[in-house]
Structures are given as C-alpha cells and as structure tokens.
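S.K.: The chain contents come next:
Number of protein chains: 2
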Amino acid sequence: MRRYGRIVADLLTETLLETPVFDVQGFPVETRVGSKQFVRLRMPDWVNVVAVTEGGQLLVVKQHRWGLDAETLEIVGGVVDPGEEPAETARRELMEETGYGGGTWRSLGFVHPNPAIQDNRCWLFEVLGVRKMAEQALDPGEDIEVVLVSLAQARDLVLSGGISHVLSVVTLMRHLDSP
Amino acid sequence: MRRYGRIVADLLTETLLETPVFDVQGFPVETRVGSKQFVRLRMPDWVNVVAVTEGGQLLVVKQHRWGLDAETLEIVGGVVDPGEEPAETARRELMEETGYGGGTWRSLGFVHPNPAIQDNRCWLFEVLGVRKMAEQALDPGEDIEVVLVSLAQARDLVLSGGISHVLSVVTLMRHLDSP
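Note that the protein sequences, when read in sequence, are chains Z and X.
Counting from 1, one number per residue, gives the positions in the first sequence under our numbering.
Counting from 1, one number per residue, gives the positions in the second sequence under our numbering.
Cβ-to-Cβ under 8 Å is the rule here; a few derived chain Z residues that face chain X:
hint: 1; residue: Leu16
hint: 2; residue: Arg40
hint: 3; residue: Arg65
hint: 4; residue: His112
hint: 5; residue: Ala116
hint: 6; residue: Gln118
hint: 7; residue: Val166
hint: 8; residue: Leu167
hint: 9; residue: Val169
hint: 10; residue: Val170
hint: 11; residue: Met173
Quick caveat, the hints were computed from the structure, so don't treat them as lab data.
Cβ atoms here follow ideal geometry from the backbone N, Cα and C, with glycine treated the same way.
From just these sequences and the hints, can you work out the full model?
M.R.: Here's what the structure looks like:
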C-alpha cells in the first residue's frame with residue numbers, strides 16, 4: 001500500500017506545549033508536493049459506555065463542559081489511566097460518575113476521535129442490567145448529574161441533537177442498531 | 001437549569017499556544033468543589049460529506065493522516081473558512097478533494113467533536129447524484145486518492161472499522177439509516 005509521505009525524523013519532533021489533558025507536538029513532514037510543518041495532539045485513549053439498568057433505562061450524565069462552556073447530555077466517558085485496560089476504565093468511570101455497576105458487558109469496538117491531529121482511540125462499551133451500588137465518587141472539578149431515560153427518549157435525544165457529543169452519538173447508535 | 005460552575009473571567013483566559021490548526025487556551029474555573037485550571041482548544045467548525053454518484057457509488061478518500069501516522073479511509077471533510085457557510089465549505093471541499101460536484105444536497109445536522117475541550121461543531125451533509133466535473137485541487141501537503149465503493153461496502157467498512165474516524169462513521173450511519 002503506497003505511503004503518502006513520511007515524518008522526516010522523530011528527532012525533529014518538538015513538544016510545543018504540555019498540559020494535564022494533552023501535549024502538543026510539532027514535526028516536519030515530507031510529501032510529494034514538498035515539506036510542511038504539522039501539529040499533533042498526544043492524548044491517552046478514552047472510553048464511552050452505554051449503560052442500561054435492570055429496569056431497561058439508559059444512564060445519561062448532565063454536566064457543564066468547559067470546551068463548549070455549556071451544559072451537555074452525554075453518556076458516561078473518561079480517560080484510560082496508564083497501565084489500565086479500556087474495559088477496566090469503562091467499569092471504573094461508570095462507578096465513579098454514576099455509582100452504578102454489575103451487569104453484562106460487551107465491546108462495541110473503537111473509533112478514532114480525529115486521525116488528522118490525534119493518535120488516540122475511543123473504546124466503546126455497552127453494559128446491560130446495571131444497578132445502583134454506591135454513591136458517585138467525582139474528581140475535583142467534576143459535577144455530574146445522573147439522568148435515567150427510556151430507550152425511546154435516548155433515540156429522540158440522538159435524532160434531535162439533544163445529545164450532540166459525537167462519541168456519545170456513535171456509541172448510542174451502535175447500541176440502538178445492534179440486535 | 002442549574003449551572004455547574006462558571007469561568008472566573010474571560011480576562012483571565014490566556015492563549016498558551018497558537019498553531020495553524022488550533023489555539024490552546026488556559027482559564028480558571030470556579031466549581032462547587034473549588035477552583036481549577038482548565039485548557040480548551042479553539043478551532044474553526046468542520047464539515048463532513050457523504051457523496052453518492054449518479055451510478056449509486058459512495059466517494060471515499062484515502063490519505064495519510066499525520067495525527068495517527070497511518071493511511072485512513074474517510075469521507076470528504078474539511079475546515080470552514082472565515083465568513084463561509086458550512087454548506088459552501090461542503091461543496092468546496094468535495095470539489096477540491098475529489099473533483100466531483102452537482103447533485104442534490106441535504107443537511108444531516110451537526111455534532112460536537114468534543115465539548116470537553118473544544119467549542120467547534122462538525123456539520124454533516126449528504127449529496128446524491130454527484131458527477132466528475134474537474135480534477136482534484138489539493139492544498140500543499142494534501143495527497144488524497146478517491147475510491148468509489150458500493151453502499152454495501154460502505155456499510156461493511158463502518159461495521160468492520162475499516163472506516164474508523166468517528167466523524168466519518170457518524171455521517172455515514174446517518175446517511176445509511178435515513179429513509
């Protein structure tokens with residue numbers, strides 16, 4: 001399979017900024033039409049979880065998102081910690097953000113959030129039959145309200161744009177489409 | 001609707017890095033559990049386009065993506081230029097990346113790529129009945145191969161992960177699901 005170019009040398013990759021959420025790297029690229037400077041975000045992998053209770057309701061989280069500076073409805077999600085398996089992250093984030101656990105887990109695969117500028121993956125999970133087992137255990141700065149919705153309401157939220165975070169949307173679509 | 005916190009003051013927002021693709025901002029946030037420093041990426045809006053030819057084939061683009069440092073299959077996409085409407089961007093990007101134009105256009109709504117750290121939207125479009133009208137007109141550093149696939153192949157690529165860019169995936173799912 002033909003390659004469309006190459007990164008000139010990893011030695012030329014420069015860290016332009018480090019933050020707690022991502023690092024920014026700059027690097028030169030050789031292409032058929034000349035060389036160009038690119039930027040890339042280095043971030044850990046993420047997870048998203050569609051969780052359905054024993055009573056058949058879907059767990060949605062309401063929170064203020066600072067990128068958008070607005071309140072959003074999403075499904076449970078989070079960042080894979082170093083050394084953690086994505087399936088562990090999914091269980092941990094579900095418990096921390098909602099206090100729900102148990103149930104039967106299934107992988108819904110993964111997506112790339114943005115291959116143009118990021119190399120991380122978002123791993124998608126479905127869990128059926130969860131129940132409330134504990135109180136939320138939120139990180140500093142997290143303030144998350146749990147909302148229970150029916151399957152029909154979840155479908156409406158996806159179609160209406162009431163849920164607009166693309167990672168939530170694609171995970172819910174995979175859950176709703178699957179047999 | 002209750003607010004989960006507030007940005008202390010726009011005056012305290014600091015530009016940490018400027019790049020051709022995005023800027024990085026840092027800002028303090030007051031929450032119920034104390035104040036915290038956040039980072040945000042400022043970027044223009046994006047578009048994604050599902051384009052179907054007069055013969056019923058879907059236009060897929062193959063290119064090396066430098067975030068992932070790998071070749072990907074995606075649908076046509078791009079960045080909304082200043083002063084441009086997303087529908088104009090969609091027509092322009094389709095013509096530039098593939099040389100195809102014409103057809104009947106429909107909006108498939110928008111998604112937020114990542115409300116946690118970005119405020120931009122990605123506008124989704126479908127166009128039916130496009131035809132080859134010109135040669136590609138690629139930007140410096142772009143090297144894009146156009147691939148024609150059947151509807152069944154597109155569905156398989158989404159299900160198998162052969163197309164893994166979440167913005168391509170969600171646009172294709174909306175197209176494939178719609179009547």
